[in-house]
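Undergrad: Turn these sequences into a full structure, and let the hints guide you.
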Amino acid sequence: MSETLIKVKNLVTSFKSSEGPIRVLDGVSFSIDKGKVLGIVGESGCGKSITSLSIMRLLPQPNGYIESGEILYNGVDLTKLSSSEMEALRGNDISMIFQEPMTALNPVFSIGSQIGEVLEVHKRLKGRERREKTIEMLKLVGIPRPDKIVDEYPHQLSGGMRQRVMIAMALSCDPKLLIADEPTTALDVTIQVQILELIKSLKDNLNTSVMFITHDLGVIAEMADEVAVMYLGRIVEYTTVDDIFENPMHPYTMGLLCARLVNVKKCDKLTCIPGMVPTLNNRPKGCAFSTRCTKCMDICKEEMPELKQIKPNHKVRCWLYS
Amino acid sequence: MSVINEATDKKAILNKKNSSGISPWQIAVKKLKKNKLAMFGLFILGVLALAAIFAPLITSYDRDLINMAKIYEAPSFNHWLGTDELGRDVYTRLVYGTRISLSVGIVSTAVSVIIGVILGAVGGYLGGIVDAIIMRIVDIFMCFPFYLIAIVVAGIFGPSLLILMAIMGILSWPKIARIVRAEVLTLKHREFVEASRALGLNSRKIIFKHIIPNTMAPIIVYATLGIAQGILSEAGLSYLGLGVKQPIPSWGNMLSAAQNFSVLVSQWWLWIPPGIMVLFTVLSINFFGDGLRDALDPKIIQ
Chain W
1 MSETLIKVKN LVTSFKSSEG PIRVLDGVSF SIDKGKVLGI VGESGCGKSI TSLSIMRLLP
61 QPNGYIESGE ILYNGVDLTK LSSSEMEALR GNDISMIFQE PMTALNPVFS IGSQIGEVLE
121 VHKRLKGRER REKTIEMLKL VGIPRPDKIV DEYPHQLSGG MRQRVMIAMA LSCDPKLLIA
181 DEPTTALDVT IQVQILELIK SLKDNLNTSV MFITHDLGVI AEMADEVAVM YLGRIVEYTT
241 VDDIFENPMH PYTMGLLCAR LVNVKKCDKL TCIPGMVPTL NNRPKGCAFS TRCTKCMDIC
301 KEEMPELKQI KPNHKVRCWL YS
Chain F
1 MSVINEATDK KAILNKKNSS GISPWQIAVK KLKKNKLAMF GLFILGVLAL AAIFAPLITS
61 YDRDLINMAK IYEAPSFNHW LGTDELGRDV YTRLVYGTRI SLSVGIVSTA VSVIIGVILG
121 AVGGYLGGIV DAIIMRIVDI FMCFPFYLIA IVVAGIFGPS LLILMAIMGI LSWPKIARIV
181 RAEVLTLKHR EFVEASRALG LNSRKIIFKH IIPNTMAPII VYATLGIAQG ILSEAGLSYL
241 GLGVKQPIPS WGNMLSAAQN FSVLVSQWWL WIPPGIMVLF TVLSINFFGD GLRDALDPKI
301 IQ
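Quick mapping for you: the protein sequence lines, in order, are chains W and F.
Under the working numbering, the first residue of the first sequence is numbered 1, with each subsequent residue one higher.
Under the working numbering, the first residue of the second sequence is numbered 1, with each subsequent residue one higher.
Be aware that one or more of the hints could be misleading.
What the hints assert, rightly or not - The calculated PhoX-like cross-link candidates involving lysine-lysine, where the alpha carbons are at most 25 Å apart (straight line), are: (1) W/K7 x W/K315; (2) F/K205 x W/K80; (3) W/K133 x F/K209; (4) W/K148 x F/K209; (5) W/K126 x F/K205; (6) F/K175 x F/K188; (7) W/K123 x F/K205; (8) W/K126 x F/K209; (9) W/K16 x F/K188; (10) F/K205 x W/K133; (11) W/K123 x W/K34; (12) W/K123 x F/K30; (13) W/K148 x F/K30.
Since the hints were derived computationally from the structure, they do not count as laboratory data.
In this text the structure is predicted, and so the values were computed from the model without any measurement.
TA: The structure is reproduced here in structure tokens:
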């Protein structure tokens, strides 16, 4: 039986706006076990990135804030930590890889000094020791000629290489939890595979838990142990990776699965989910997905369903199953 | 000629192979070296700086040596640029004046850059109430008419070199604070800043180690041009008798000799040389500053 590393309970995150607070996340709950990968999928604007930023306590300031809920990391509630305690945790216990490797590195410093800085802040490494550890990290993420690359600058590296550097930076202090926010979206398909393989092997070797955010279901199939499907700030289906592909239950999940290129046969049109994600200040009454759902019933337009346990390890938020 | 070029090219290629990392600064230096006007400016500035440092070695008279037997002497072999109303050697005073003018320009700019960069960066990064307070202070300082304040302060404390540097530094920091703040506002939303926060760096480290180095290009350009402005202001204030006090020579207070009409007409060697020095120095600095801006701005492709 594996231990739980992080447990998010009823997380509510809001943004201040001129028309009052807007709830971006509404009662998000999930947990990640040690050494496991949770995939979070959903369309743009469904709250995937905000979930990760809430955990990191890096919500866009001054408008974003956590309204209620708990984020228990090894039993400690992250929402209650002071900002300096949080700084000690970031990069050290919880690390993050960003979507855009091209801009996530500081252009005026060499690769080595940027990785070295993290090591200095958290591990108090200096001088030769620091440089050796930096080169070791670069080697670990599969960068050729690490002793040369360490002195190069971000503009001299390709996107895939920079993403490797970002991963090396994120992993340099052996974090327990790695949050990967669409780490492969900005990369070529061939590089994507390499980066995914890399994260996978590092996860196995270092026993790191990963929260993997993506909108690519193929990547989920490759990486995740469990999957949470999000729609408009709520989790609508939460289950294991096998179940999500073999036995999807929520109409939204089914829609997502049907909209993949794999399902397109010759001379066939790509199926898509009709309509658009409603804006957050214009939430439909009842189920958020009711406006686009093909199986919409009367009750769907009236009341929001709960996230219910339908089978062991399979929770769905839909009136079809109650 | 072509052989030499080929040899240097080969050397350059070899150097490239040996050094694995080319920083953005090295690229800028390369660009700068190709700009002839900027290099000319740098050369003139280098000569002036050397003259200022080694002033005692290249002059044969004492700076303040008064010789009443030789007043208003025209340029001759003994006195290259003649003598002034007290029989002091003009060339000697001009060389020593370089020291004063350059150091006033550099120190006052350094003061304004230090204050401006720190306040601008902190305000821009933290935003909110801190930013509002700093920017209102900037607005207030920008309302002060420079010469009026400088004259009043110099009038109260009496003319002195240190006070002159301090006034000029304190009155000119708001401009650089605005430039830095504007840069920081765009930089703080760049992903590498977010990534640094995600890696657990605190605000102080992010401001000083990640944001300020990225604003260095406009700061350096502003600082060079600020030195030219400082030299001009010093000349202006000294001319009005509110800057550097006699007997210390500066280009400004040497120029004030030309206030006298008979000097203006018949003793040209008292005011033309310091005037030319101011002109050449400011021009060289401006050429160099322009070159720096072109070299440091990646958007300009040569």
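Undergrad: Evaluate each hint against the coordinates.
TA: Status of the hints after comparison with the structure:
With a C-alpha separation of about 16 Å, the suggested pair W/K7 and W/K315 falls inside the 25 Å cut-off, and the hint holds. Restraint check for F/K205 and W/K80: satisfied, since their Cα atoms lie roughly 24 Å apart, inside the 25 Å limit. Note on W/K133 and F/K209: the hinted pairing holds, with a Cα-Cα distance of about 21 Å set against a maximum of 25 Å. This hinted pair checks out: W/K148 and F/K209 have alpha carbons roughly 23 Å apart, not beyond 25 Å.
For the hint pairing W/K126 with F/K205, the CA-to-CA distance comes to about 17 Å; that is within 25 Å, so the pair holds. Restraint check for F/K175 and F/K188: satisfied, since their Cα atoms lie roughly 20 Å apart, inside the 25 Å limit. For the proposed pair W/K123 and F/K205, the alpha carbon gap of about 16 Å is at most 25 Å, so the pair holds. Restraint check for W/K126 and F/K209: the C-alpha separation of about 17 Å stays at or below 25 Å, so the hint holds.
Restraint check for W/K16 and F/K188: the C-alpha separation of about 20 Å stays at or below 25 Å, so the hint holds. The straight-line distance between the Cα atoms of F/K205 and W/K133 is roughly 21 Å, inside the 25 Å bound, and the hint therefore holds. With a C-alpha separation of about 22 Å, the suggested pair W/K123 and W/K34 falls inside the 25 Å cut-off, and the hint holds. Simply put, W/K123 and F/K30 have alpha-carbon atoms about 37 Å apart, too far for the 25 Å limit, and the pair is violated.
A distance of roughly 22 Å separates the Cα atoms of W/K148 and F/K30; the hinted pair therefore holds under the 25 Å criterion.
Of the numbered hints given earlier, the model fails hint 12 alone.
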